[in-house]
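Trainee: Under this note's numbering, the sequence shown has 274 at position 127, and the numbering climbs by one with no breaks.
Hints are computed from structural coordinates only; laboratory data are not their basis.
Treat the hints with care, since some could be wrong.
What the hints assert, rightly or not - Pairs of lysine-lysine residues, derived as DSS-like cross-links and limited to a Cα-Cα distance of at most 30 Å, are as follows:
id, residue 1, residue 2
1, Lys314, Lys203
2, Lys352, Lys416
3, Lys283, Lys399
4, Lys245, Lys314
5, Lys416, Lys203
6, Lys283, Lys366
7, Lys399, Lys342
8, Lys342, Lys283
9, Lys417, Lys399
10, Lys352, Lys342
11, Lys414, Lys399
12, Lys352, Lys417
What the hints assert, rightly or not - Label-pair ranges, simulated between beta-carbon atoms:
id, residue 1, residue 2, range
13, Ser369, Val401, 15 to 23 Å
14, Glu403, Ile160, 48 to 56 Å
15, Asp355, Ile241, 27 to 35 Å
16, Thr351, His410, 26 to 34 Å
17, Val152, His397, 48 to 56 Å
18, Ile160, Val237, 25 to 33 Å
19, Ile315, Ser163, 30 to 38 Å
20, Ile315, Asn363, 20 to 28 Å
21, Lys352, Ile160, 36 to 44 Å
22, Ser369, Lys153, 20 to 28 Å
Ideal Cβ placement from N, Cα and C applies to all residues, glycine included.
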Amino acid sequence: MDTRVKAAQVSVISNSILVVLKLSVGILMGSVSVLSEAIHSGLDLIAALIAFFSVKRAAQPADEQHQFGHGKIENVSGVIEALLILVAAVWIIIEAYKKFVQGVEIESIHLGILVMAFASLVNFFVARYLFQVAEKTDSIALKADAMHLSTDVITSVGIMAGLILIKITGIQMLDPLFAVAVAILIIKASFDLTKEAFSPLLDTKLPDAEEQAIVNIIKTYSDSFINYHNFRSRKAGSERHIDLHLVVPHSKPVQEVHELCDHIEAKIKKLFPSSQVLIHIEPCNKECADCTFNDNCTEKPSKDF
């Protein structure tokens with residue numbers, strides 16, 4: 148089983164357990180903050196299911212209808228998850244406002260504290276696991292799911308702290324106040340995730356550091372080509388797409404040029420395993436003697452891209 152799919156399954160199972168637990172305790176207590184956490188976990192469960200199906204689909208090879216693969220489905224998944232986080236925040240604010248107007252009466256505070264502590268621990272370890280797999284596989288869908296759970300850890304701890312304060316002070320209106328604080332954190336998480344997941348859908352180039360690393364690989368073979376240009380990059384899910392034009396001496400044998408491209412592609416793929424590299428070869432159009440590199444050649448290897 149694909150590592151990403153396995154990680155997504157773990158998230159689905161853990162979220163299912165926490166939704167049932169938080170919802171039951173929230174209803175028993177009559178606490179809007181605990182119920183808000185139950186709804187938050189419910190959206191986490193939906194997000195985990197979306198992540199599960201997206202990484203499963205993204206892992207499939209290219210087909211006739213999707214000749215460049217299915218990588219971008221992870222980005223679509225990330226955007227949907229970000230919107231779900233935003234929905235959760237709006238719902239929490241609405242419910243908190245109702246409690247401000249209608250008043251709050253909370254029971255079984257100790258039970259709520261225990262449930263929030265348990266949820267925090269479970270989500271902490273699952274989120275850490277998902278982050279590790281996401282970093283290893285460069286999966287934006289799993290990263291989005293991990294961000295969901297990380298937010299859940301923060302909010303669960305916040306709700307737990309609020310319940311402890313209510314127990315100490317007896318001020319039950321602290322419950323909706325902490326719920327609103329949870330919503331603000333969720334809104335920020337939604338904004339950050341939307342920005343990261345949506346950008347590749349517009350074929351934004353790779354980060355400068357990644358592009359420079361690729362250029363450095365190309366330049367290690369500068370003795371074998373004259374110049375390069377039209378360097379482009381983009382990302383789809385965990386896949387990186389790189390293409391460029393490579394200028395070589397017009398007298399260079401085709402087999403030798405082909406091997407040069409193979410070496411460059413192999414090194415790039417070693418650095419970024421899930422990458423597709425396309426190199427377009429152009430013969431030098433200058434009339435140099437034997438078309439070799441010398442100080443008088445106007446087609447010296449470029450310093451920038």
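Trainee: Decide, hint by hint, whether the structure agrees.
Mentor: Against the structure, the hints come out as follows:
1. Lys314 - Lys203: Not satisfied, since the Cα-Cα distance of roughly 45 Å exceeds 30 Å.
2. Lys352 - Lys416: Cα-Cα ~17 Å, so holds.
3. Lys283 - Lys399: Outside the cut-off at roughly 40 Å; violated.
4. Lys245 - Lys314: Answer holds: Lys245 to Lys314 is near 22 Å, not above 30 Å.
5. Lys416 - Lys203: holds, 22 Å
6. Lys283 - Lys366: With a Cα-Cα distance of about 27 Å, the restraint between Lys283 and Lys366 holds, given a limit of 30 Å.
7. Lys399 - Lys342: violated, 46 Å
8. Lys342 - Lys283: This hinted pair holds, its Cα atoms lying about 21 Å apart.
9. Lys417 - Lys399: It holds: about 26 Å lies between the C-alpha atoms, which stays within 30 Å.
10. Lys352 - Lys342: holds, 14 Å
11. Lys414 - Lys399: Measuring from Cα to Cα gives roughly 22 Å; hence the hint holds.
12. Lys352 - Lys417: holds, 20 Å
13. Ser369 - Val401: 15 to 23 Å: holds, 20 Å
14. Glu403 - Ile160: 48 to 56 Å: holds, 54 Å
15. Asp355 - Ile241: 27 to 35 Å: violated, 42 Å
16. Thr351 - His410: 26 to 34 Å: With a Cβ separation near 28 Å, Thr351 and His410 satisfy 26 to 34 Å, so the hint holds.
17. Val152 - His397: 48 to 56 Å: Distance hint for Val152, His397 holds at roughly 49 Å.
18. Ile160 - Val237: 25 to 33 Å: holds, 27 Å
19. Ile315 - Ser163: 30 to 38 Å: Check passed, 33 Å falls within 30 to 38 Å.
20. Ile315 - Asn363: 20 to 28 Å: violated, 58 Å
21. Lys352 - Ile160: 36 to 44 Å: holds, 38 Å
22. Ser369 - Lys153: 20 to 28 Å: Roughly 43 Å apart at Cβ, these two residues miss the hinted range, so it is violated.
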